[in-house]
Amino acid sequence: KNQVEQSPQSLIILEGKNCTLQCNYTVSPFSNLRWYKQDTGRGPVSLTIMTFSENTKSNGRYTATLDADTKQSSLHITASQLSDSASYICVVSFQRGKAAGNKLTFGGGTRVLVKP
Amino acid sequence: DTEVTQTPKHLVMGMTNKKSLKCEQHMGHRAMYWYKQKAKKPPELMFVYSYEKLSINESVPSRFSPECPNSSLLNLHLHALQPEDSALYLCASNELAGGHQDTQYFGPGTRLTVL
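Here the protein sequences come in this chain order: A and B. According to the numbering used here, the residues represented by the first sequence are 4 to 119, in order. According to the numbering used here, the residues represented by the second sequence are 147 to 261, in order.
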């Protein structure tokens, strides 16, 4: 069964500090892995997307890594800001065929709270 | 324009009402999706339309009826819902170009409350 597991479930950090979120997956066949940021009651917003050949991808203060051999990914947030408070969701995709669209397997998310 | 729009933002309905959720994108994407998301849970896939045809129905109850009038629009018709159907309903779309970089773009969601 395809699964995506994230840790920790929740995290509290002080403004200005760094943090790292983890994602392990067993999805196969693998197409890509994305990290989304979701504010409460809002739709997810894509932060990074990586294919199996990419090891790292940055988007401002967000840096994602991928180890396709161990099926692990991490999202590092640098110099956290209050606006970083949100849920961060790891999503792994495999393609069912062009006509059927992507099939996404969502992790449970990590809820990050940045305190002043 | 990399935006998926959804209306309404909030909806409160009774169990006997009929209502519709609307989703629109103008990115030329050929796949559109409906997801249901309960609080503190990841989104659950409901339906997928590809090239304006329903390609996936994840065993969703018939009280939810999707419709894709054209390549830019996706509706979700609601009838005789239950209180447990209260959730955030998300629409998403992607290009369907077949590449590994193909990303789903999500709309802001409709917060549905069934009384």
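Calculated directly from the structure, the hints in this document are not laboratory data. Warning: the hint list may mix true and false statements.
Stated by the list, open to error - Derived DEER-like restraints, expressed as beta-carbon distance ranges:
no.	chain 1	residue 1	chain 2	residue 2	range
1	B	216	A	118	43 to 51 Å
2	B	160	A	23	40 to 48 Å
3	B	219	A	72	39 to 47 Å
4	B	241	A	27	22 to 30 Å
5	A	59	B	158	27 to 35 Å
6	B	162	A	61	47 to 55 Å
7	B	199	A	23	40 to 48 Å
8	A	4	B	163	31 to 39 Å
9	B	226	A	4	44 to 52 Å
Values in this document were obtained by computation on a predicted structure and should not be read as measured data. We put the CB at the ideal spot given by N, CA and C, even for glycine.
Results for each hint:
Hint check: residue 216 of chain B to residue 118 of chain A, Cβ distance near 47 Å, so the stated range 43 to 51 Å holds. For residue 160 of chain B and residue 23 of chain A, the Cβ-Cβ distance of about 46 Å falls inside the hinted range of 40 to 48 Å, so the restraint holds. Evaluation of the 39 to 47 Å hint for residue 219 of chain B and residue 72 of chain A yields a pass: the beta carbon distance comes to about 43 Å. Range check, residue 241 of chain B to residue 27 of chain A: about 28 Å between beta-carbon atoms, so the 22 to 30 Å window is met.
With their beta carbons about 45 Å apart, residue 59 of chain A and residue 158 of chain B fall outside the hinted range of 27 to 35 Å. For the pair residue 162 of chain B and residue 61 of chain A, the beta carbons lie near 51 Å from each other, so the given range of 47 to 55 Å is met. For residue 199 of chain B and residue 23 of chain A, the hinted distance range of 40 to 48 Å is satisfied, since their beta carbons lie about 42 Å from each other. In this structure the supplied range 31 to 39 Å holds for residue 4 of chain A paired with residue 163 of chain B, their Cβ-Cβ distance being about 37 Å.
Separated by about 32 Å at the C-beta atoms, residue 226 of chain B and residue 4 of chain A break the suggested range of 44 to 52 Å.
Hint compliance for this structure: hints 5 and 9 are broken, all remaining hints hold.
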